[in-house]
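Residue numbers (my numbering), protein chains in the order written: chain F, 1 to 344; chain E, 1 to 344.
One should not assume that every hint holds.
In this list, chains with the same sequence are indistinguishable; a pair is considered to hold if it fits within one copy or across any two.
What the hints assert, rightly or not - With a straight-line Cα cutoff of 25 Å, these simulated BS3-like cross-link-like pairs (lysine-lysine) come out: (1) K19 / K30; (2) K66 / K113; (3) K82 / K328; (4) K231 / K17; (5) K168 / K112; (6) K19 / K253; (7) K168 / K113.
Because the hints were derived from the structure by calculation, they are not lab data. Predicted model, so just to flag it, every value in this text is computed and none were measured.
Number of protein chains: 2
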Amino acid sequence: MHEIDEREILKVLGELKAKRVLIQTPEGLKHEAQFLADFLEENGIEAIISGDINYGACDPADREAKALGCDALIHLGHSYMKLNLEVPTLFVPAFAKVDVLPALEKNLDEIKKLGRKIALVTTAQHIHQLERAREFLENGGFEVLVGDGDGRVSWRGQVIGCNFTAAKVDADGVLFIGAGYFHPVGVALAVRKPTLAVNPYSRDAIWMNEEAEWIIRKRWAQIAKAYDVEKFGVVVSTKKGQLRLGEARRIIKLLREHGKYARLIAMNHISYPALEGFDFDAYVVVACPRVPIDDVENWRKPVLTPPEVELLLGLREDYEFDEIFGGKRDKNEPFGIALHGVRG
Amino acid sequence: MHEIDEREILKVLGELKAKRVLIQTPEGLKHEAQFLADFLEENGIEAIISGDINYGACDPADREAKALGCDALIHLGHSYMKLNLEVPTLFVPAFAKVDVLPALEKNLDEIKKLGRKIALVTTAQHIHQLERAREFLENGGFEVLVGDGDGRVSWRGQVIGCNFTAAKVDADGVLFIGAGYFHPVGVALAVRKPTLAVNPYSRDAIWMNEEAEWIIRKRWAQIAKAYDVEKFGVVVSTKKGQLRLGEARRIIKLLREHGKYARLIAMNHISYPALEGFDFDAYVVVACPRVPIDDVENWRKPVLTPPEVELLLGLREDYEFDEIFGGKRDKNEPFGIALHGVRG
């Protein structure tokens with residue numbers, strides 16, 4: 001389904017004169033990671049596989065690579081995110097081989113319901129086909145807007161779970177190309193416009209707005225449960241791309257100004273069971289915004305995002321998704337290996 | 001039950017001119033950690049609590065403290081372990097208030113079954129009462145040997161889950177003072193002499209050797225299950241005190257010399273679910289030796305320690321516990337806060 005170009009990786013590692021590397025992989029590429037490790041060792045490079053579960057480029061294992069004496073980190077399956085990396089890091093996105101056009105063709109009537117002026121977004125898996133998709137849609141009579149997105153993403157038109165800036169353009173609705181609910185429901189939550197997800201594998205098209213509205217109702221229920229809470233744990237993650245210390249301090253200050261007890265907690269992987277035993281009655285996650293939204297069923301105490309705290313305290317009226325913004329992006333990354341973190 | 005001396009901690013932090021600290025705590029001291037954070041903030045020091053589950057001094061959150069901009073780390077509940085620390089770290093053992101003598105007195109007849117010459121060991125919780133216990137037993141006619149232990153522990157006579165060197169003296173049997181099975185069963189596994197655990201809270205005395213023999217039988221069953229395995233994942237932990245890279249390489253070399261496929265995996269918290277999806281048929285944990293022993297029920301593939309691999313390959317005949325040894329210890333730590341990792 002995906003293709004990892006092992007020879008290209010070997011070439012870059014050769015240029016880096018790397019003797020030992022750490023390979024980091026998302027769940028879906030574990031076999032590819034192991035094949036890559038075998039291939040690199042056959043070619044004289046010691047390869048260690050990271051067994052820690054990885055959900056995104058916000059969590060590069062560069063500190064671990066350094067501790068293991070590795071000359072480089074290979075981060076599979078996610079595109080580059082601007083972070084201060086401690087070892088040279090190869091971001092190796094996994095581009096899907098599936099053609100996106102048949103699914104668009106099949107769902108043209110549904111896509112038309114978005115309006116004539118549509119925003120087009122996708123994930124790293126299909127980003128290399130975005131221009132083809134745009135041309136196809138323009139030939140079908142649509143005005144297609146591909147948003148620049150900010151510096152947290154790698155390419156124009158790309159969305160990730162915490163950043164939908166590429167979808168925020170002056171369009172009637174948003175067309176998302178890709179599989180699963182995770183990304184397109186994020187689009188609908190962050191953009192609040194008609195959002196259609198077209199899946200290039202199944203060729204299904206699914207409207208995301210009802211799902212998003214249902215999530216927002218559940219979020220209001222969490223906020224309501226936290227109304228009488230006195231003691232808040234405000235949680236940041238030590239993952240590099242989720243360490244939102246300034247925002248956490250702002251939330252603690254707001255809570256304390258409103259007479260609440262608030263205490264800062266830092267942890268790597270944020271999950272409720274590890275927090276059992278502390279004396280807090282609700283939590284605010286100032287890390288990955290998807291934790292309170294997608295993992296809420298596993299929390300036995302109310303769990304909020306920063307904007308939801310503002311709603312709770314009456315400092316805001318409209319529901320807002322907790323997006324993590326980046327700075328300005330200078331240029332698109334290559335459609336291949338992106339090398340970052342090289343010093344000097 | 002335990003006492004954390006908050007004023008003493010504040011004093012040391014004052015000497016360090018610390019403005020921001022990270023507090024790390026084992027499960028059982030979460031409330032104390034939170035009280036300490038409140039106390040420090042009342043005294044002008046920003047306190048962040050680590051929400052990551054911590055099982056020992058082998059896993060100091062000094063890297064995390066540094067990433068959070070903290071001037072110091074407070075590590076609650078465990079005694080100092082020699083490691084290269086990146087920020088000044090206060091090791092604050094939690095000494096139990098319970099008197100150990102009544103439990104010894106109640107179980108004198110049982111203790112006599114150990115023989116006349118006994119090794120006396122305990123954990124950090126009761127180490128401050130070890131001399132009292134020794135005197136009591138000597139007055140009762142025993143010859144009491146308190147082993148030095150090596151540099152992985154803080155005091156003479158102290159045992160931790162991976163190091164029982166203090167129990168390895170020329171005695172007839174070992175008397176362990178403390179609660180729970182975890183430490184005394186480790187004594188019995190590592191020393192293979194009659195081992196009696198006297199619990200100062202319940203005042204019960206429990207013989208540990210049957211439990212240890214039962215564990216060893218289960219370990220042989222794991223080894224047997226791994227006999228036909230071709231593909232081994234060899235797992236190290238990135239926790240500072242568990243990063244046994246040299247030992248892992250030795251095991252990989254041994255496995256490959258015997259025609260097996262072996263690949264190095266590095267992860268923080270070692271658990272089976274994170275490893276599902278890799279193509280290995282058995283694992284070797286070269287990290288905390290207690291993971292394969294105490295967590296084996298949660299593994300769906302055979303999981304071995306390094307000496308168990310030697311048994312598997314026919315390089316060793318007798319079962320041996322996978323102990324982690326330290327160098328020589330210069331002196332005992334104080335019975336209170338131990339400050340380490342201060343530069344210059």
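Tested hints:
1. In this assembly of identical chains, the alpha carbons of K19 and K30 lie at most 25 Å apart only when taken from the same copy (22 Å versus 43 Å across copies).
2. For the identical chains of this complex, K66 and K113 are neighbours neither inside a copy (51 Å) nor across copies (52 Å), given an alpha-carbon limit of 25 Å.
3. Taking CA atoms no more than 25 Å apart as the test, K82 paired with K328 passes inside one copy only; the shortest distance there is 10 Å, against 45 Å between copies.
4. Within a single copy, K231 and K17 get their C-alpha atoms no closer than 52 Å, and across copies no closer than 29 Å, so neither meets the 25 Å cut-off.
5. Proximity of K168 to K112 under the C-alpha cut-off of 25 Å is restricted to the intra-copy arrangement: shortest distance 19 Å within a copy versus 79 Å between copies.
6. Proximity of K19 to K253 under the C-alpha cut-off of 25 Å is restricted to the inter-copy arrangement: shortest distance 17 Å between copies versus 48 Å within a copy.
7. For the identical chains of this complex, K168 and K113 are intra-copy neighbours only, at 19 Å inside a copy versus 78 Å across copies, given an alpha-carbon limit of 25 Å.
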